[in-house]
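Student: One-letter residues, chain by chain:
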Amino acid sequence: GENVEQHPSTLSVQEGDSAVIKCTYSDSASNYFPWYKQELGKRPQLIIDIRSNVGEKKDQRIAVTLNKTAKHFSLHITETQPEDSAVYFCAASRGGNQFYFGTGTSLTVIP
Amino acid sequence: NAGVTQTPKFRILKIGQSMTLQCTQDMNHNYMYWYRQDPGMGLKLIYYSVGAGITDKGEVPNGYNVSRSTTEDFPLRLELAAPSQTSVYFCASSYAQGTYGYTFGSGTRLTVV
Chain A
1 GENVEQHPST LSVQEGDSAV IKCTYSDSAS NYFPWYKQEL GKRPQLIIDI
51 RSNVGEKKDQ RIAVTLNKTA KHFSLHITET QPEDSAVYFC AASRGGNQFY
101 FGTGTSLTVI P
Chain B
112 NAGVTQTPKF RILKIGQSMT LQCTQDMNHN YMYWYRQDPG MGLKLIYYSV
162 GAGITDKGEV PNGYNVSRST TEDFPLRLEL AAPSQTSVYF CASSYAQGTY
212 GYTFGSGTRL TVV
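Protein chains in written order, with our numbering: chain A, 1 to 111; chain B, 112 to 224.
Keep in mind the hints are simulated off the structure, nothing from the lab. All clues given are correct.
Calculated cross-link-like contacts (lysine to aspartate or glutamate; reagent style DMTMM-like; alpha-carbon spacing at most 25 angstroms):
| no. | chain 1 | residue 1 | chain 2 | residue 2 |
| --- | --- | --- | --- | --- |
| 1 | B | K120 | B | E170 |
| 2 | B | K155 | A | D27 |
| 3 | B | K155 | A | E39 |
| 4 | B | K155 | A | E5 |
| 5 | A | K71 | B | E170 |
| 6 | B | K168 | A | E2 |
| 7 | B | K168 | B | D149 |
DEER-style ranges, computed between Cβ atoms:
| no. | chain 1 | residue 1 | chain 2 | residue 2 | range |
| --- | --- | --- | --- | --- | --- |
| 8 | B | I126 | A | Q14 | 44 to 54 angstroms |
| 9 | B | Y206 | A | G41 | 18 to 28 angstroms |
| 10 | B | I165 | A | A29 | 18 to 28 angstroms |
Note that CB positions come from ideal geometry on N, CA and C, so glycine has one too.
All chains, please: the whole structure from these sequences, using the hints.
Tutor: In structure tokens:
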């Protein structure tokens with residue numbers, strides 16, 4: 001099955017700096033890549049997603065890029081704020097019922 | 112519109128006990144899922160359902176059972192609880208399979224002692 005690796009596992013940035021989280025996947029048939037944000041003690045929430053026919057997608061301060069050839073996709077957060085502090089999960093799906101999740105990145109934004 | 116509702120939020124079970132985690136959604140989603148989340152790990156799929164009356168195993172189904180008698184409800188049953196089942200359990204639903212994101216419930220933190 002699919003294997004999704006996520007790096008780094010922890011990330012600390014100064015407020016206002018950018019943060020980048022990278023995921024690699026193994027199944028070249030995967031075609032949908034969502035990102036979830038999970039604040040402490042809360043449910044994961046979808047923040048952005050990208051499909052394989054698109055190379056980049058932006059939503060205000062967050063963006064996701066996809067490199068199908070290298071089989072990796074990244075989450076970019078610009079102008080980070082303390083409320084961006086959370087655990088971020090990437091996932092990959094080939095269109096079936098199984099999503100494969102990365103192990104999470106704990107992001108801390110230092111005021 | 113409550114989204115996905117899970118109960119209970121917390122539970123402590125003794126080894127060998129049984130319990131049912133409840134999940135209900137009011138978005139008329141056909142697709143529902145149960146995941147477990149262990150510390151430092153990603154979410155692992157336990158069971159899923161593509162519609163009422165249809166369920167199937169995910170990656171880690173052993174020790175669990177599900178049923179889907181209605182579109183709204185997807186309970187997860189633990190029989191003979193074991194310490195290895197200590198985890199946070201999330202129910203989720205989606206509009207379609209594969210290329211749409213999930214809506215997650217708020218989670219159930221289960222401890223087996």
